[in-house]
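10 protein chains.
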Amino acid sequence: MSDAKLLETFPNPAPHRDFLIDHTHHEFTSVCPMTGHPDFADITVRYVPDKTCVELKSLKLYFHAFRNQGIFFEAVTNKICDDLGKALKPRSLTIISKWKARGGFTSVVTAEWSGKNAKMTR
Amino acid sequence: MSDAKLLETFPNPAPHRDFLIDHTHHEFTSVCPMTGHPDFADITVRYVPDKTCVELKSLKLYFHAFRNQGIFFEAVTNKICDDLGKALKPRSLTIISKWKARGGFTSVVTAEWSGKNAKMTR
Amino acid sequence: MSDAKLLETFPNPAPHRDFLIDHTHHEFTSVCPMTGHPDFADITVRYVPDKTCVELKSLKLYFHAFRNQGIFFEAVTNKICDDLGKALKPRSLTIISKWKARGGFTSVVTAEWSGKNAKMTR
Amino acid sequence: MSDAKLLETFPNPAPHRDFLIDHTHHEFTSVCPMTGHPDFADITVRYVPDKTCVELKSLKLYFHAFRNQGIFFEAVTNKICDDLGKALKPRSLTIISKWKARGGFTSVVTAEWSGKNAKMTR
Amino acid sequence: MSDAKLLETFPNPAPHRDFLIDHTHHEFTSVCPMTGHPDFADITVRYVPDKTCVELKSLKLYFHAFRNQGIFFEAVTNKICDDLGKALKPRSLTIISKWKARGGFTSVVTAEWSGKNAKMTR
Amino acid sequence: MSDAKLLETFPNPAPHRDFLIDHTHHEFTSVCPMTGHPDFADITVRYVPDKTCVELKSLKLYFHAFRNQGIFFEAVTNKICDDLGKALKPRSLTIISKWKARGGFTSVVTAEWSGKNAKMTR
Amino acid sequence: MSDAKLLETFPNPAPHRDFLIDHTHHEFTSVCPMTGHPDFADITVRYVPDKTCVELKSLKLYFHAFRNQGIFFEAVTNKICDDLGKALKPRSLTIISKWKARGGFTSVVTAEWSGKNAKMTR
Amino acid sequence: MSDAKLLETFPNPAPHRDFLIDHTHHEFTSVCPMTGHPDFADITVRYVPDKTCVELKSLKLYFHAFRNQGIFFEAVTNKICDDLGKALKPRSLTIISKWKARGGFTSVVTAEWSGKNAKMTR
Amino acid sequence: MSDAKLLETFPNPAPHRDFLIDHTHHEFTSVCPMTGHPDFADITVRYVPDKTCVELKSLKLYFHAFRNQGIFFEAVTNKICDDLGKALKPRSLTIISKWKARGGFTSVVTAEWSGKNAKMTR
Amino acid sequence: MSDAKLLETFPNPAPHRDFLIDHTHHEFTSVCPMTGHPDFADITVRYVPDKTCVELKSLKLYFHAFRNQGIFFEAVTNKICDDLGKALKPRSLTIISKWKARGGFTSVVTAEWSGKNAKMTR
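Protein chains in written order, with our numbering: chain A, 5 to 126; chain B, 5 to 126; chain C, 5 to 126; chain D, 5 to 126; chain E, 5 to 126; chain F, 5 to 126; chain G, 5 to 126; chain H, 5 to 126; chain I, 5 to 126; chain J, 5 to 126.
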């Protein structure tokens, strides 16, 4: 089961500057709550850190925990946005999930966290 | 025959936030009203939901219903825009249809719904 | 010989809305007026219709008529822009011609028609 | 040896309109002034003509004349910008040189001519 | 060990003009300070020079010196930004590092130097 | 309904030589007999003609006639192979159907007609 | 847990002919038995049917059953080969698994079933 | 009108060795004899020379002469094969024509000249 | 320093069958013994196992040990071939190294181990 | 002027084994002897060494020496084949030159050296 407590952080090495970090996980998988069939996505975490950065291995384990969870595209994207927003309190944060073909459709869901000092998200 | 009543919705799981949903159907086909020959397109539905989201399976069936309907590129794009605008009343909505080669031409038609609160459509 | 009278139109099916039509012809050919050698281009017609849309088959025949005409890259792009601007009186119009390699060069020429109400040309 | 006098022009066929011309030469080569080894680049000339356009064959010969000249990436890009700016007095002008791998690096140098009436350079 | 003193410069050949230089090194490698495993990146140095330009061979040697240094993605990007900012005092400067797959993730880190006269960074 | 009688032929213009003809139709669609959902394929007809060649427009109409027919991947590929083998009696014939993603699968089915004189099918 | 009994078959519609069926599943995932981390692969089943063909939906469910099973690349490829060989007794059969990047490696494992009458596997 | 007399040759510079020459013309165009619409192809001439090679500029003019000629895909490929076979009497010769999309089809026609001493055609 | 003792093996899970394993390492780096500059390669290990398979993590560590070793392209490819041949005594083995651009060249070196029972190496 | 004496060799590090070396130079340029215009090619040297290998830097200088030499595609490919065959006396040798677009044509010329013991050239 997904769990925001899996997320770990480390201090921002350059807090004097706005800089952009962009991690894309190419191996996200969860389960459709209607059919029980697996879904697959690339998920991008794009943020300008404030006091802390997310530790990459903990982010991987946080994503792995969705593996057998039934959850919709729209809900999982917003949940990741909420969890990372709370954990990092970043200057800005965007989550982008790109889903593999399902019934002839590909889908992309994009959510932005309304943090403080958001200046550079290109 | 195409029918807007095929569209079903579910409640927006994150109405407190503007977020962008982008569904692309890669298997749209209709018929040229002049020649009777089939036309093929990729159709993107890009919107910021307000109170409801479109259910993906119902969107597929709504698109399948155009299979044997004679209709021009420009008309079908605007009809999908009107039908989804009415069904979702989204904060913003764009329809993009990309048509396969016909007589040495490829075509793209883009229509935006003039909804309320349109803020984020990138 | 090229002839603007070949262009036919049909009524805009959605005049209540600005929407963008983008036709790309992948088989344009004319002749270099200096050397007599053939030139090849992809030509994009991108416009927001006002009262009328261009009929696609007539656009093809209009382009075919340049086949044995000697004309420079810059001149043919501007002539197509003038002819379609006059025929459609669109809310906006852009012509983009992309020319195949000639003497180690590829070329792109872009011309915009200064129509009325030009709002959406992305 | 490179020579701005090789550049020839012809009258702009559509001076009533700002339009964009984009010539990319895929076969530029000069010599590194330090090592004597050859360098290779794609060079784009992008401009809005005013009274004159550059004749394509003369532009090719102008580029060929750099073949055995020792000159740095930054210097050659600015020299081409100066030479074409003076020859054409265009409404706007940008030179982009993209250099092949050298010591594990690829490089791009971009220079804009500060002409008059610069309005459309996208 | 990395060393900013390895960076050498030469006088800007066109100081009268803002122009953009973009060097991408495709062979950067350092070591993860946690696991000791190697990391690989493409690193782009994009800047508008003021009085001096960075000499390309010295930039290569500066990058080679990270080969056996343990340092995180975020830290190395900001260190390169600081070192080049101090060495060049450019009109603007951006560093972009694109990291190869690590645990199912690819990452991009982007940092801008807050120099003087920054006008053209596209 | 599909109908082998739609196929028309014309005399082989070079019967003195084995030569290979390869027509790929990128717009084939039929219907799944189990679910009623549409299937999409690229279908290649590769043959060495003997006395006759297949006329391309009639081949298009023959393929269009499958549009609303319920038939499996394996069956339709073999039916096309049988129909064209009977109509053309070619020196050799291969049918290759490549099917779009269905439930996370893409499929390719390849059938060869056992004609006479088969010498060149690469 | 994976289970060969999930595989269902239907009668070969063209047993008079050797023809090749090629199903590629793009969404295979299992778990590394050493680390517990997920693995991802594209798996191709390529065979010439004899009396029966594999039903595609049952093949999908058979693959889904590996989702939480700990098994090595080499073992899973050979197990799929054994299971499908026994279920189909095909004229020939090849299994190809292509694994996503793991520790800087991509891997491909290919196993052929030694069936009877194997003539056409290209 | 096409004319085999346009083909010029020069002596093979290495007659002591079988070597392969492969010229691909990317700008071939002729006319459909049924509809009068233009057709476009890439045409490859692949041969092992014996006593003579084809001069490239004369080959271009030979191809240009088809510009306004009405001729089918199959016929033009065999005519080019016959004309070049007679002009060069090569050790081997293959003509490959790849045609742009026409009614949802792309086509490839391949013809081999039955010359003498054919040993190396890869 | 590279060391064949780093290679670990595990028992072949399917010794009753010839099957092909293909591991490609995308992050190989060593040092040029002439200039001291780093070299980069993709290295493929392709083999049919006999009694044992190579363990993937040990293969990674074996490759990492070349990081600061001065060795030529030809020598390193043959050394890997010898080391893996001795460690695995496979039914067949091929090593392919693909080297990044160096002085305008890319290089590929391919070596086959002359093992016993070599039957399937495609 | 090109000069076979520029080629240097070093002893084959693995003469007990047939192995394949494949060097591709992406920056070859010479001059058309008819027009004086520059030609550009990628040139591949593919060989199985016997007693010696070609030293890569000397091969680069050998290729650079063609820079201002007027020579035809067919002649230069055969000259390189002769020069390298004499210098290396390899077990096998193939030269492949791929020429950039010239008058709408791209060309490939392939020559094999008839050495001794030629067994593996794939």
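Calculated from the structure, these hints are not laboratory results. From the three backbone atoms N, C-alpha and C, an ideal C-beta is built for every residue, glycine too. Mixed in with the good hints, there may be bad ones.
[As the list claims (entries may be wrong)] If you want the footprint, here are the derived chain G segments under chain F, 3+ residues with CB under 8 Å: (1) 21 to 27; (2) 103 to 117.
[As the list claims (entries may be wrong)] The list that follows gives simulated cross-link-like pairs (lysine to aspartate or glutamate, EDC-like), each with its CA atoms no further than 20 Å apart: (3) C:Lys104 - D:Glu59; (4) E:Lys83 - E:Asp22; (5) J:Lys90 - H:Asp22; (6) H:Lys93 - H:Asp7; (7) B:Lys90 - B:Asp26; (8) J:Lys9 - J:Asp87; (9) F:Lys93 - G:Asp7; (10) I:Lys90 - J:Asp87; (11) G:Lys64 - F:Glu78; (12) G:Lys102 - A:Asp46; (13) I:Lys64 - G:Glu78; (14) D:Lys93 - C:Asp54; (15) I:Lys102 - E:Glu12; (16) G:Lys64 - G:Asp7; (17) E:Lys83 - E:Glu59; (18) J:Lys93 - J:Glu116.
Structure-based check of each hint:
1. 21 to 27: Since three or more residues must qualify, the claim that chain F covers the segment 21 to 27 of chain G holds, with 7 doing so at under 8 Å.
2. 103 to 117: violated (count 0)
3. C:Lys104 - D:Glu59: holds (17 Å)
4. E:Lys83 - E:Asp22: violated (25 Å)
5. J:Lys90 - H:Asp22: Holds, at roughly 18 Å.
6. H:Lys93 - H:Asp7: holds (17 Å)
7. B:Lys90 - B:Asp26: holds (18 Å)
8. J:Lys9 - J:Asp87: holds (9 Å)
9. F:Lys93 - G:Asp7: Violated - the C-alpha atoms of G:Asp7 and F:Lys93 are around 46 Å apart, more than 20 Å.
10. I:Lys90 - J:Asp87: violated (38 Å)
11. G:Lys64 - F:Glu78: holds (17 Å)
12. G:Lys102 - A:Asp46: Roughly 18 Å separates the two Cα atoms, so the pair holds.
13. I:Lys64 - G:Glu78: Satisfied, since the Cα-Cα distance of roughly 17 Å is no more than 20 Å.
14. D:Lys93 - C:Asp54: Violated: D:Lys93 and C:Asp54 sit about 37 Å apart, past 20 Å.
15. I:Lys102 - E:Glu12: Since the Cα atoms of I:Lys102 and E:Glu12 sit roughly 32 Å apart, the hinted pair is violated (cutoff 20 Å).
16. G:Lys64 - G:Asp7: holds (12 Å)
17. E:Lys83 - E:Glu59: It holds: about 18 Å lies between the C-alpha atoms, which stays within 20 Å.
18. J:Lys93 - J:Glu116: holds (13 Å)
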